[in-house]
Amino acid sequence: MPKNRVERPIILGIVGDSAAGKTTLASGVTKILGVERVVTICSDDYHKFSRKQRSANGTSALDPSGNYLDIIEHHLEQLRNNRSILKPVYSHDQGTLEAPEYVEPKPYIIVEGLLGYSTRKMRDAYDVKIYLDPEEELRIKWKVYRDTTKRGYTEQQVMNALEKRKNDSPSFIQPQRTFSDIAVRFFRP
26 MPKNRVERPI ILGIVGDSAA GKTTLASGVT KILGVERVVT ICSDDYHKFS
76 RKQRSANGTS ALDPSGNYLD IIEHHLEQLR NNRSILKPVY SHDQGTLEAP
126 EYVEPKPYII VEGLLGYSTR KMRDAYDVKI YLDPEEELRI KWKVYRDTTK
176 RGYTEQQVMN ALEKRKNDSP SFIQPQRTFS DIAVRFFRP
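Note that the working numbering numbers the sequence shown so that position 135 is 160, with each residue one more than the last.
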């Protein structure tokens, strides 16, 4: 009797710029598939530096050189082969690197974040790759709202951060759209 089930986890990638809706989409897909059947991984957990260290050394979170892409490549391979990982943890609330957590694969794995399609090895790990591309004014509005209500920034701090890394998105984030299977564009009403 033929099997219709893949014998390994299905891996969905969700990539886009900061505040593009990645976490919101990942949460919605998780609810649809069932929380008990999904592991969600944020690729931001693979930052090399804390927020304070990035500020001191001038590295942007969007810059691949400020992230452990080799480790996420390895972790995607492990998860795809039904093996558990010890995943790093980055706290967006505190801007700090926290103790790692043990992650066991489930039937569905969602990997969301800024740099998910940065390398060929990472891209090859996904079954489906989504790129979120909201209209820029809308994304900025979402970012200001999120960062001022959930992360403790002032509106001016958010705008300064956006200005500081305005060249990073076209250099590091937007080129990943090319590798997506699906690109989703949002517009203001």
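Just so you know, the hints here were simulated from the structure itself, not pulled from any lab data.
Hints may be right or wrong, so weigh each one.
As the list claims (entries may be wrong) - Computed cross-link-like contacts, EDC-like style, restricted to lysine to aspartate or glutamate with a CA-CA straight-line distance of at most 16 Å: (1) K73 / D88; (2) K56 / D69; (3) K73 / E98; (4) K112 / D69; (5) K146 / E98; (6) K189 / D88; (7) K189 / D206; (8) K146 / E102; (9) K77 / E123; (10) K191 / E161; (11) K191 / D152; (12) K112 / D88; (13) K112 / D95; (14) K131 / D152; (15) K131 / E162; (16) K112 / E102; (17) K131 / E32.
Results for each hint:
Our distance criterion of 16 Å between C-alpha atoms is met by K73 and D88, whose separation comes to about 11 Å. In summary, the hint linking K56 to D69 is not supported, as the alpha carbons are separated by about 22 Å, beyond the 16 Å threshold. Straight-line distance between C-alpha atoms of K73 and E98 comes to about 15 Å, which keeps the hinted pair within the 16 Å bound. For the suggested pair K112 and D69, the alpha carbons sit about 11 Å apart, so the restraint of at most 16 Å is met.
Annotation: proposed proximity of K146 to E98 holds, straight-line Cα distance about 6 Å (limit 16 Å). Annotation: proposed proximity of K189 to D88 holds, straight-line Cα distance about 12 Å (limit 16 Å). Taking the CA atoms of K189 and D206, the gap is about 30 Å. The hint is violated against a cut of 16 Å. A distance of roughly 9 Å separates the Cα atoms of K146 and E102; the hinted pair therefore holds under the 16 Å criterion.
Annotation: proposed proximity of K77 to E123 holds, straight-line Cα distance about 14 Å (limit 16 Å). A hinted pair counts as satisfied when its Cα atoms are at most 16 Å apart, and K191 with E161 qualifies at roughly 11 Å. The suggested pairing of K191 with D152 is violated, with an alpha-carbon distance near 31 Å, which exceeds 16 Å. Taking the CA atoms of K112 and D88, the gap is about 20 Å. The hint is violated against a cut of 16 Å.
At most 16 Å may separate the alpha-carbon atoms for a hinted pair to count; K112 and D95 meet this at roughly 13 Å. At roughly 15 Å between alpha-carbon atoms, K131 and D152 fall within 16 Å of each other, so this suggested pair holds. At most 16 Å may separate the alpha-carbon atoms for a hinted pair to count; K131 and E162 exceed this at roughly 37 Å. Proximity of K112 to E102 is assessed by CA-CA distance (about 13 Å); at most 16 Å being required, the pair is judged to hold.
Note on K131 and E32: the hinted pairing holds, with a Cα-Cα distance of about 11 Å set against a maximum of 16 Å.
When the structure is compared with the earlier hints, violations turn up for hints 2, 7, 11, 12 and 15 and for no others.
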